[in-house]
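With the hints as a guide, bring the two chains together.
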Amino acid sequence: MANIKWGYAINQWIPTSEHLTRREEQERAFKVMSVCGFRGVELNLGFGRWKPLGSPDQIELNLGSVKKFLDFLNSCGIDQVASYFFGVGRDHDPSNPTDHEKIFETAVPFAKFLNEVGGTRLVVRPMQSYWRVAPVTEEKIKIAADCWNKVGKMTMDYGVKTTLHIDFLCAIHSMRDVSKILEFTDSDYVGLTIDTAEVVIAGNDPIKLYEEFYDRVDHFHFKDTHNIDAHEGYKNEGAEIWLLDSGGKQGVERWFWEMGTLGGLVDFPELMKKLKEHGYKGWIIVESDQTPDPAESAMLNRWYIKNVLSKI
Amino acid sequence: MTNIRWSYQTHWMQDSPRGPISPDLSIKHLDRFIKQIAAIGFEGIDIIGVLCIPEYLNIMFGSPKKFLEFIKERGIEKVVSGWIAYAWMDADHAPHIRSTHDKIYQDCEKFCKFLSSLEAEYMVTMPSNTYWQVEPVTDEKIKNMADCYNRVGKMTMNYGIRMACHHEFWCAIRTVKQLDKFYKWTDPEYVYYWLDTAQTVIAGNDPVDLYLRFHDRCAGFHFKDTHHIDTKRDYRLPPDPELMASTTKRWFWEMGTLGGLVDFPELMKAIREYNFRGWITVEHDKAYWGGPDLRGNYAESTCIAKWYIDNVLSKIYE
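One line per chain: the protein sequences are A and B, in this order. Going by my numbering, the first residue of the first sequence is number 1, and it counts up by one from there. Going by my numbering, the first residue of the second sequence is number 1001, and it counts up by one from there.
Bear in mind the hints are in silico, worked out from the structure with no lab data behind them. These numbers were taken from a predicted model, which means no experiment stands behind them. Ideal Cβ positions, reconstructed from N, Cα and C, are used throughout, including at glycine. This list has only true hints and no planted wrong ones.
Pulled a few chain B residues facing chain A out of the computed Cβ check, cut under 7 angstroms:
hint, residue
1, K1035
2, Q1036
3, A1039
4, E1300
5, C1303
6, K1306
In silico DSS-like links for lysine-lysine, alpha-carbon gap of 30 angstroms or less:
hint, chain 1, residue 1, chain 2, residue 2
7, A, K306, B, K1315
8, A, K311, B, K1315
9, A, K306, A, K5
Chain B residues, not near chain A, derived (Cβ > 12 angstroms throughout):
hint, residue
10, L1068
11, I1097
12, Q1106
13, T1138
14, M1157
15, A1219
Bound conformation, chain B alone (with noise of 0.2 angstroms):
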């Protein structure tokens, strides 16, 4: 038995006759999708999107159970996590705004049963709004944020569920010290860390050091590549950081590639060093903008990334 395991994280877009798709409404191009992340190696998904609306995948399966025996008749073998986040601000959803908590609460509640119904292992979030939405962040706001998960941890953990937190580069926890903070306002039971390695990088932040600060936090990561560190406080850029950024048409990339800026064989012995034992997921989102020469496909960067593990990081921790 192998203490890595290795999942991947359902971005996923394809070409078809009718233009790029998404498969995940589809189960004739789930059944594709699935069939070729399993086909490479990879035992578990981590769920995004359309997958985590109960009402869409109860349509298209039955029930949640259904679901579980699509995957695994296809060699997935489990959910490993859902994500659920508020990055856009509204009135009912805003972690840094103690009125909203409630409303934060009852919504992470059914999608906890959601992802209890699916046997997932975690809740991962971005504990914040938008950076532009939050700014100026302050110790309150961070406070804030940090009772609001507090309090969605403890009731994850009736579930069986542990709730993570994920910090996107344009996230308004993003800096070591903000980060510092937050970890030291939430309680350990209650609230993990959930290792971004591309966000962390482009955040000006070193996964490595991230990593050994919170290692007896990190539940699990989310392994992607970045070319660019955001030098031109992209991070600010309203509405959105990720497909407007004036630094690149592209921020992320699957490992093993030229210009690669995370050191993922040091990441990996600082992992090892720590005897970490679960599943890490491989992430490719947005591999499918970028403009006529970035553009990349998620088949491929998903074979690349898991030839890399194979060839690369498996070797060093497996």
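Next comes chain A alone, as it looks inside the complex (with noise of 0.2 angstroms):
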């Protein structure tokens, strides 16, 4: 049994609400990710009617039952779910208490389909974005971090875990406060997923993360960078837009990048021997969001972590 086990991201496959809606396009993204060596994929969260994989509720309404669904992925090639990115919208802010009953009611199907398709990990965004939550205190990642200890209880009674991921925009944002949620949170229930890329544009060290907090981290997102927003982009109103999706004032067109690329500042090999080091054993999505052509990306991915990854 292989210490790692690599699957592959969705959200390349649905750069708009308008992508990933017929069946044979969804026939065709698991065949690449299967003929690329990706035998588990990560769902992503989604609501409202062109959202077809993006809930429990209407993975059942469109392919009649969850036992079909797998059984559609299997006659793609992909053996099971690994986990669900949960990334509850703008109207769910986990430092506020009021809302923590609504995420957690959110929060429940997930839990149980995954436990029913094999997958091991619900993914969240621990806070709101940090130009909506500003200022950061301690009170409101204690907040936070009760709600995801009363998540990651529930979660792990159907043997799923809940793991913090931490993107470039979110209100954790520096090493410090990424200490701190982890330290209000319960070992026992919330876990640490490193997002290779999202961790060097917010200007953090995925090593020295990964060094510091090996014993919580559960999961992983491989994909690289070119950049790091070096002008605090994330603390402007409307960071998703003007920073994620415009560029910001650096005008970069795209944020995310496949292994392997010229200026890729990600040193995946050092983090891999790292991995290796602390015995590290469970999924390693890879994520390509960005893309402007997925199987190219996925292709690329699988060249680089086959060719070089594997070795180490």
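As structure tokens, this is what we get:
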């Protein structure tokens, strides 16, 4: 049994809400993943009529049942759902106690679904974007931590660990804040996802982050970046649009890249050595959101894994 | 060791900030292209276009040897074949006209030397000009073409390279009757058959039938699919029936699509029956074209085709 299981995130096939709605598009996406050697998929939360894979309800509506969805995945050469990215919307604020029940209730069907499909991680955004929450106080972090403790306890009842995924716009931004939220969360219920590109863009070092919290790290997103948010654009109002989509003052057209491109800032080989050193066992989900060509990115990522990372 | 190894014909196009580009004029883009096909298990390449021009290849890489090192470092083991053809008739290149044979022979020899330096196994050609430039296709013209490639094939053997003929649906040798005559009049020691599945179907022929007919001459394949048979005589369309046809804006598809007309499993069974051992080449010619409804994407098409190989064809014969 290999220590590392490689999966791919579905989000790169959904650059707009109109993508990946038809079954044949989904079939081609899963076949691309499969032939590139990725046998697990991370689904992405989404609601509304154009998100047929966005929630357990939608999946059942579209495929008939969870079992039929799994059959469909298997027929495309994908063994299982590894995880679900649970990025709740702007009206769900973990640092606001009155939103906790709503977040908890929303998470329940995802935990149940993951249990049925063999998935083991509910990947959550621990807090809203920085600009929505600022100033980020210890109190707010503590309230958010309480939220995920409750959710994490519930998901563990379904054999699913809740794991905090910190993106570069998130209110949890500095190493100090990461440390705080981990301190306030129960390690039995809540782990940490390292998303390599997001960490680098936020100005942190994924290797240092892993070295410091390796005993809490239970999930990875591997993707690269060529840029750091050099002007603290994440603090600006509307950073999702202004920075992530429009490139901010730096005019970055594309924040996220495949592994192994010229100019990539993530030191994957070094990180891989650290994973080996600490005996990491579990999923690594490769992501290529913002790619202009999903299949090309999946193929290039496979090449890099096969020829560089797997040798470590 | 498997009986079949999979190669990829180097047609490719990708988007770039300056619009669609072909990767073969830039090491940076070739690097991405070669890595992509190697990543999903192709082990060989069949070169076409710019890579078949020694001058350009040498400018980019310094020498054929360095080009081979470049692809090997990225996981592609070898160049399986190179493509040369005279689709467009000119004063010096018309296989059905005997006076042009010397020039064709000389050009092919030059190319063959280049292929030899790349350690390729096959030189693949279309043995005629476009149908409309040759018609009416008479026995005499077929005989002339056969003689031309008997000479060329004999020469390529001196370089350790086998010459195979590939028949587009708009080739002057396209019907079963014409194919029978051509292979009857060519020497089996020097002239081999290269079966292109989609071109064969578009021409109204059955690839399984043609393989059974010419299996002892068959050196290789281009595996691609089509959704259409040419029933409107597009094969006679000047100047080009592949991009300008009335039947469809997109003739060629990857294996494994709904509406595909090539029966690949049956062909694979026939290949198994005759114990074919060697390379099968996947090709996605003009996948990028076809307008907003039909336009494909080389990377995705190639993944879908390889998925079909791994999950369907390899279960029949590998």
